[in-house]
Structures are given as structure tokens and as C-alpha cells.
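> Work the whole structure out from these sequences, hints included.
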Amino acid sequence: IDALTDHKDTYADMADRLTRFTVWLQKQNLKKDDVISICTYNHLNSFMPLVGATLAGVIANTWWDATLTE
1 IDALTDHKDT YADMADRLTR FTVWLQKQNL KKDDVISICT YNHLNSFMPL
51 VGATLAGVIA NTWWDATLTE
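70 is the number that our numbering gives to position 70 of the sequence shown; each next residue is one higher, with no gaps.
Please keep in mind that the hints were generated in silico from the structure rather than gathered at the bench.
It cannot be assumed that every hint is accurate.
Claimed, not checked - Think about it this way: if two alpha-carbon atoms lie no more than 20 angstroms apart in a straight line, the pair counts; the simulated SDA-like pairs of lysine to any residue are:
| no. | residue 1 | residue 2 |
| --- | --- | --- |
| 1 | Lys-32 | Lys-8 |
| 2 | Lys-8 | Met-48 |
| 3 | Lys-27 | Tyr-41 |
| 4 | Lys-27 | Ala-60 |
| 5 | Lys-8 | Ala-56 |
| 6 | Lys-27 | Leu-4 |
| 7 | Lys-27 | Ser-37 |
| 8 | Lys-31 | Leu-44 |
| 9 | Lys-27 | Lys-8 |
| 10 | Lys-8 | Leu-44 |
| 11 | Lys-31 | Leu-55 |
| 12 | Lys-8 | Ser-46 |
| 13 | Lys-27 | Pro-49 |
| 14 | Lys-32 | Ile-59 |
| 15 | Lys-31 | Lys-8 |
| 16 | Lys-8 | Trp-24 |
| 17 | Lys-32 | Leu-55 |
| 18 | Lys-32 | Leu-44 |
| 19 | Lys-27 | Val-51 |
| 20 | Lys-31 | Thr-62 |
| 21 | Lys-31 | Gly-57 |
| 22 | Lys-32 | Leu-18 |
| 23 | Lys-32 | Thr-54 |
| 24 | Lys-31 | Ala-60 |
| 25 | Lys-32 | Thr-62 |
Predicted model, so just to flag it, every value in this text is computed and none were measured.
Put into C-alpha cells, the structure is as follows:
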């Protein structure tokens with residue numbers, strides 16, 4: 001449940017989005033040991049780039065978003 005919007009998500013919904021995202025990453029011609037960077041706030045889709053990159057065989061570099069605020 002998203003605390004801000006009260007949107008409810010099931011594991012099946014999340015798995016479906018993750019699978020589609022991972023396939024999309026693979027179609028971007030990324031190669032093993034390529035790096036993608038992630039900079040986001042916490043929400044229900046925040047996990048996708050990190051897990052999707054791992055499943056696609058690329059490296060995910062997370063960037064703490066608090067450094068972008070004043």
C-alpha cells in the first residue's frame with residue numbers, strides 16, 4: 001500500500017511490471033558490467049531499476065536523492 005496515495009499493489013502486479021522492465025532493459029543493448037544510475041524518491045516502483053538491472057545482468061548505481069534537495 002502506497003502511504004501517499006493508498007494505492008494497493010499485489011505481488012503479481014509488481015512481478016509483471018518488473019518482468020516488462022527487465023525485458024525493456026535487455027532490449028537497450030546493455031552489456032554485462034554496463035552501469036545504470038538510479039535517482040528517485042521512495043515509491044512503489046523504486047525497486048524496479050535495481051532488481052531489473054540485476055536480472056538483466058547490468059550494474060545498478062543508486063544515488064541518494066537527499067543530496068538533490070536544498
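> Look at each hint and say if it fits the structure.
Going down the list of hints, with the structure as the test:
A threshold of 20 angstroms between alpha carbons decides the hint, and for Lys-32 with Lys-8 the separation of about 34 angstroms lies outside it, so the pair is violated. The straight-line distance between the Cα atoms of Lys-8 and Met-48 is roughly 17 angstroms, inside the 20 angstroms bound, and the hint therefore holds. A threshold of 20 angstroms between alpha carbons decides the hint, and for Lys-27 with Tyr-41 the separation of about 26 angstroms lies outside it, so the pair is violated. Straight-line distance between C-alpha atoms of Lys-27 and Ala-60 comes to about 17 angstroms, which keeps the hinted pair within the 20 angstroms bound.
Between Lys-8 and Ala-56, the direct Cα distance comes to roughly 27 angstroms. Violation of the 20 angstroms bound is thereby established for this hinted pair. Restraint check for Lys-27 and Leu-4: the C-alpha separation of about 33 angstroms exceeds 20 angstroms, so the hint is violated. Taking the CA atoms of Lys-27 and Ser-37, the gap is near 17 angstroms; set against the 20 angstroms cutoff, the hint holds. For a cut-off of 20 angstroms, the pair hint linking Lys-31 to Leu-44 is broken: about 27 angstroms separates their Cα positions.
Restraint check for Lys-27 and Lys-8: the C-alpha separation of about 29 angstroms exceeds 20 angstroms, so the hint is violated. At roughly 9 angstroms between alpha-carbon atoms, Lys-8 and Leu-44 fall within 20 angstroms of each other, so this suggested pair holds. With a C-alpha separation of about 12 angstroms, the suggested pair Lys-31 and Leu-55 falls inside the 20 angstroms cut-off, and the hint holds. Under the criterion of a C-alpha separation no larger than 20 angstroms, the hint pairing Lys-8 with Ser-46 is consistent with the structure, at around 15 angstroms.
Our distance criterion of 20 angstroms between C-alpha atoms is met by Lys-27 and Pro-49, whose separation comes to about 14 angstroms. Distance restraint check for Lys-32 and Ile-59: the Cα-Cα separation of roughly 8 angstroms lies within the 20 angstroms cut-off, and the hinted pair is therefore satisfied. At roughly 35 angstroms between alpha-carbon atoms, Lys-31 and Lys-8 are farther apart than 20 angstroms, so this suggested pair is violated. Straight-line distance between C-alpha atoms of Lys-8 and Trp-24 comes to about 24 angstroms, which puts the hinted pair past the 20 angstroms bound.
Taking the CA atoms of Lys-32 and Leu-55, the gap is near 11 angstroms; set against the 20 angstroms cutoff, the hint holds. Annotation: proposed proximity of Lys-32 to Leu-44 is violated, straight-line Cα distance about 27 angstroms (limit 20 angstroms). Simply put, Lys-27 and Val-51 have alpha-carbon atoms about 16 angstroms apart, close enough for the 20 angstroms limit, and the pair holds. With a C-alpha separation of about 18 angstroms, the suggested pair Lys-31 and Thr-62 falls inside the 20 angstroms cut-off, and the hint holds.
For a cut-off of 20 angstroms, the pair hint linking Lys-31 to Gly-57 stands: about 7 angstroms separates their Cα positions. For the hint linking Lys-32 to Leu-18, the alpha-carbon distance of about 19 angstroms falls within 20 angstroms, and the restraint holds. Restraint check for Lys-32 and Thr-54: satisfied, since their Cα atoms lie roughly 10 angstroms apart, inside the 20 angstroms limit. For the proposed pair Lys-31 and Ala-60, the alpha carbon gap of about 13 angstroms is at most 20 angstroms, so the pair holds.
Taken as a hint, the Lys-32 and Thr-62 pair is honoured in the structure, with Cα atoms around 18 angstroms apart against an allowance of 20 angstroms.
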